[in-house]
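Asks: The numbering of the sequence shown is UniProt numbering, which starts it at 1 and goes up by one.
Mixed in with the good hints there might be a few duds.
[Stated by the list, open to error] As a list, the in silico BS3-like pairs of lysine-lysine whose alpha-carbon atoms are at most 25 Å apart:
#1 Lys59 with Lys112
#2 Lys148 with Lys55
#3 Lys258 with Lys59
#4 Lys71 with Lys148
#5 Lys258 with Lys287
#6 Lys148 with Lys112
#7 Lys259 with Lys59
#8 Lys193 with Lys258
#9 Lys193 with Lys30
#10 Lys59 with Lys148
#11 Lys59 with Lys71
#12 Lys285 with Lys258
#13 Lys287 with Lys259
#14 Lys59 with Lys30
#15 Lys71 with Lys112
#16 Lys193 with Lys148
#17 Lys71 with Lys193
[As the list claims (entries may be wrong)] Label pairs and their computed distance ranges (CB to CB):
#18 Asn144 with Phe250: 33 to 39 Å
#19 Asn238 with Val260: 23 to 29 Å
#20 Leu54 with Leu113: 47 to 53 Å
#21 Val260 with Asn57: 40 to 46 Å
#22 Cys270 with Asn144: 43 to 49 Å
#23 Leu54 with Gln247: 28 to 34 Å
Since the hints were derived computationally from the structure, they do not count as laboratory data.
Each residue gets a CB set at the ideal place from its N, CA and C atoms; glycine is no exception.
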Amino acid sequence: MKDISTSEDDSNLLVLILDTNPFVWAESAKAETPLSLDDALRQILIFINAHLALKYNNKIVVIASHVGHSKFLYPIPGEDLHNPTHTSMRRNANMYPNFQFVMDQIVQSLQKLLSTVDISFLQKDTGTASMVTGALSMALCYINRITKADESGHIKSRILILSLSPDSAFQYIPLMNCIFSAQKSGIPVDVCKIYGEETAFLQQASNITGGVYVTLSNSQALLQNLMFAFLPERYARNFLNLPNQDQVDFRAACFCHKKVVDIGYVCSVCLSIFCSWSPVCSTCKTKFAFRNMMPAGRKAAKSSPLLPPPGTATPPS
1 MKDISTSEDD SNLLVLILDT NPFVWAESAK AETPLSLDDA LRQILIFINA
51 HLALKYNNKI VVIASHVGHS KFLYPIPGED LHNPTHTSMR RNANMYPNFQ
101 FVMDQIVQSL QKLLSTVDIS FLQKDTGTAS MVTGALSMAL CYINRITKAD
151 ESGHIKSRIL ILSLSPDSAF QYIPLMNCIF SAQKSGIPVD VCKIYGEETA
201 FLQQASNITG GVYVTLSNSQ ALLQNLMFAF LPERYARNFL NLPNQDQVDF
251 RAACFCHKKV VDIGYVCSVC LSIFCSWSPV CSTCKTKFAF RNMMPAGRKA
301 AKSSPLLPPP GTATPPS
């Protein structure tokens, strides 16, 4: 479906959500086709520079989806984005200063984030799930603020999630709220699954918002997939044949035990999902009334107009 709300003159805001979970990156580095965070970051920075090079007024935001919390990697809150001569920036005469500034900011923020992580504390208190919901909420809030500040209305935004972690059923409800908020705002959510099993919730996010979902068959080809599938802006996508999802896993997580279910029970009032039957909805406290059902044989006999009433003699054939 073509996006008629975009034009060739629009500036593009790309919010990139990077999964920085150290546990899944450690598994990825030991996989059959290994990909470490350092190698992936080099390819991601090239992709970011390509996005900025497409148009002079393109913008980039990078958010880390970490264990237990999310954080802006670029721009850093309180930093001056209009000063490319940052004191800690390395001088490189062969690189455009703005590219160097963005790269240094992202690398420094990521190093600071990873150096302050207490692995034992995370395993004990907060678990090992990436806070993709928090990062997605931050992305939507940032996009909303930038869009309202743009009086011309020529900024078009999209979100790209680079995911390695599996689904977290505990984040299902807030994640679906973010997905429907993005859909209502007309913000496509793209997903690049770098490593690990398929994520049903992110598949739904991409499908509902009209984004692109790609699973890497070879993690070493990260840059190629980023360039060909996720670099085109929203206007250019009207003329391109982008990857489509052949199958989407629409399973949901139950509200009672936070586990993904194939078949569940749905409250007719608040639409809460449960894995087992209950006479009272634990979400809205609705009590369900059930009538006494007749035996199956009696009901069938009563409902069939072709059968004579009980006790009536059947004429011989």
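Asks: If a hint holds in the structure, say so; if it doesn't, say that too.
Replies: Evaluation of the provided hints:
A distance of roughly 23 Å separates the Cα atoms of Lys59 and Lys112; the hinted pair therefore holds under the 25 Å criterion. Straight-line distance between C-alpha atoms of Lys148 and Lys55 comes to about 21 Å, which keeps the hinted pair within the 25 Å bound. Only pairs whose Cα atoms come within 25 Å are accepted, and Lys258 paired with Lys59 is rejected, the gap being roughly 37 Å. Restraint check for Lys71 and Lys148: the C-alpha separation of about 22 Å stays at or below 25 Å, so the hint holds.
Distance hint between Lys258 and Lys287 is fulfilled; the C-alpha atoms sit about 22 Å from each other, no more than 25 Å. Pair hint Lys148 plus Lys112 does not hold up; C-alpha atoms about 31 Å apart against a cutoff of 25 Å. Between the alpha carbons of Lys259 and Lys59 the distance comes to roughly 38 Å, so the proposed pair goes past 25 Å and is violated. A threshold of 25 Å between alpha carbons decides the hint, and for Lys193 with Lys258 the separation of about 23 Å falls inside it, so the pair holds.
Between Lys193 and Lys30, the direct Cα distance comes to roughly 17 Å. Compliance with the 25 Å bound is thereby established for this hinted pair. Between Lys59 and Lys148, the direct Cα distance comes to roughly 16 Å. Compliance with the 25 Å bound is thereby established for this hinted pair. Pair hint Lys59 plus Lys71 holds up; C-alpha atoms about 18 Å apart against a cutoff of 25 Å. For a cut-off of 25 Å, the pair hint linking Lys285 to Lys258 stands: about 18 Å separates their Cα positions.
With a CA separation close to 23 Å, the supplied pair Lys287 and Lys259 stays within the 25 Å bound. Between Lys59 and Lys30 the alpha-carbon distance is near 34 Å, which puts this suggested pair outside the 25 Å criterion. A C-alpha spacing of about 11 Å is found between Lys71 and Lys112, which places the hinted pair at or below 25 Å, so the restraint holds. A distance of roughly 31 Å separates the Cα atoms of Lys193 and Lys148; the hinted pair therefore is violated under the 25 Å criterion.
Our distance criterion of 25 Å between C-alpha atoms is met by Lys71 and Lys193, whose separation comes to about 20 Å. Hint check: Asn144 to Phe250, Cβ distance near 27 Å, so the stated range 33 to 39 Å is violated. Checked against the hint of 23 to 29 Å, the C-beta distance between Asn238 and Val260 comes to roughly 35 Å, which is inconsistent with it. Between Leu54 and Leu113 the Cβ separation comes to about 28 Å, which falls outside the hinted range of 47 to 53 Å.
Range check, Val260 to Asn57: Cβ separation about 42 Å, and the 40 to 46 Å hint holds. Against the hinted window of 43 to 49 Å, the Cβ-Cβ separation of Cys270 and Asn144 comes to about 27 Å, which falls outside the hint. Between Leu54 and Gln247 the beta carbon distance is about 32 Å. The supplied range of 28 to 34 Å therefore holds.
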